[in-house]
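Asks: Start from chain A and add chain B according to the hints.
Number of protein chains: 2
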Amino acid sequence: MWFTGLSGSGKSTLANLAADELRNRGHRVEILDGDEVRTNLSKGLGFSKEDRDTNIRRIGWVCKLLARNGVIAISAAISPYREVRDEVRKMHDNFVEVFVECDLDTLVERDVKGLYKKAIAGEIKNFTGVSDPYEAPLNAELVVNSAKESREESLERLLSTLEKLNYIRGAAQ
Amino acid sequence: MWFTGLSGSGKSTLANLAADELRNRGHRVEILDGDEVRTNLSKGLGFSKEDRDTNIRRIGWVCKLLARNGVIAISAAISPYREVRDEVRKMHDNFVEVFVECDLDTLVERDVKGLYKKAIAGEIKNFTGVSDPYEAPLNAELVVNSAKESREESLERLLSTLEKLNYIRGAAQ
Numbered sequence: 010m011w012f013t014g015l016s017g018s019g020k021s022t023l024a025n026l027a028a029d030e031l032r033n034r035g036h037r038v039e040i041l042d043g044d045e046v047r048t049n050l051s052k053g054l055g056f057s058k059e060d061r062d063t064n065i066r067r068i069g070w071v072c073k074l075l076a077r078n079g080v081i082a083i084s085a086a087i088s089p090y091r092e093v094r095d096e097v098r099k100m101h102d103n104f105v106e107v108f109v110e111c112d113l114d115t116l117v118e119r120d121v122k123g124l125y126k127k128a129i130a131g132e133i134k135n136f137t138g139v140s141d142p143y144e145a146p147l148n149a150e151l152v153v154n155s156a157k158e159s160r161e162e163s164l165e166r167l168l169s170t171l172e173k174l175n176y177i178r179g180a181a182q
Numbered sequence: 010m011w012f013t014g015l016s017g018s019g020k021s022t023l024a025n026l027a028a029d030e031l032r033n034r035g036h037r038v039e040i041l042d043g044d045e046v047r048t049n050l051s052k053g054l055g056f057s058k059e060d061r062d063t064n065i066r067r068i069g070w071v072c073k074l075l076a077r078n079g080v081i082a083i084s085a086a087i088s089p090y091r092e093v094r095d096e097v098r099k100m101h102d103n104f105v106e107v108f109v110e111c112d113l114d115t116l117v118e119r120d121v122k123g124l125y126k127k128a129i130a131g132e133i134k135n136f137t138g139v140s141d142p143y144e145a146p147l148n149a150e151l152v153v154n155s156a157k158e159s160r161e162e163s164l165e166r167l168l169s170t171l172e173k174l175n176y177i178r179g180a181a182q
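Listed in order, the protein sequences are those of chains A and B. Following our numbering, the numbering of the first sequence begins with 10 at its first residue and continues without gaps. Following our numbering, the numbering of the second sequence begins with 10 at its first residue and continues without gaps.
The following block holds chain A by itself, in its conformation from the complex:
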């Protein structure tokens, strides 16, 4: 399950809600969060296109190892570039791309980690959505919008998408 979207859009929040529910249904789930991956897998990589792509390929490869062993692997990194996301898609049999949309005004208003303010002031370079590109998916399995819908609504739609694809078990009774 591949989340993509700007920083602060709600990828990790939704990923964690989904993981809880999927574990309740008896699935094994592993979340590869953007920050955790940067520490454990990609220390030393920066935020150039090349380094970002390398980071995404690594996450994709680890997800593949997990998925082929029956684990639902969830990536929650920004993954701004379409081409490398599609490359990762090709590595997997059952790939679900979830675009977590959110307009920039809302993100700046939220500014969960205080990063947008710094990025707009030019204190952080290569900041996706401000000074670095973000290429929205063209054929995501699901698009949610964290500015317009509640996290519960998004979760509901995500679970229903996974059920329709027959990738997960039904809700526990």
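Since the hints were derived computationally from the structure, they do not count as laboratory data.
Same chains, same label: a pair holds when it works inside one copy or across any pair of copies.
Here are the computed lysine to any residue pairs in the SDA-like style, where the Cα-Cα straight-line distance is at most 20 angstroms:
| hint | residue 1 | residue 2 |
| --- | --- | --- |
| 1 | Lys52 | Met100 |
| 2 | Lys73 | His36 |
| 3 | Lys52 | Glu96 |
| 4 | Lys126 | Asp141 |
Replies: Using the frame of chain A, we list chain B on its own:
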């Protein structure tokens, strides 16, 4: 299961034999081979102590993700430094270090990949066992010696070690 030993000592061979047998017994198994990892996880890293340690930490982290989801994760990288191997050991609940010993004369004679000749001629730098250190484990769960015993004998001893530790199922009848 953490194999360590010089290049050509037989880590991957033994790891693959063990993986086959463990899969036959119904276990999920994933081998993280040194070369495959260098391609997918650690491209750009060299062979300085620092880079080698980073490589090993990454493998250790991926093994942890797999192991906590019920997969027997096998590393078959050289992993020449004791301290970082012990660091990885601490990340795991059930850790089995397998030292695949082999004297240098035998390795040079075998020279499976033709690397020792080049390393001795100085054409490859930082070559473990020739121009780079190898720190043998002090408390490995198992030591096998590929110069002195057959691969079948080593496999037998490995399986018996895993059985004694209660980490694996018995042989299929």
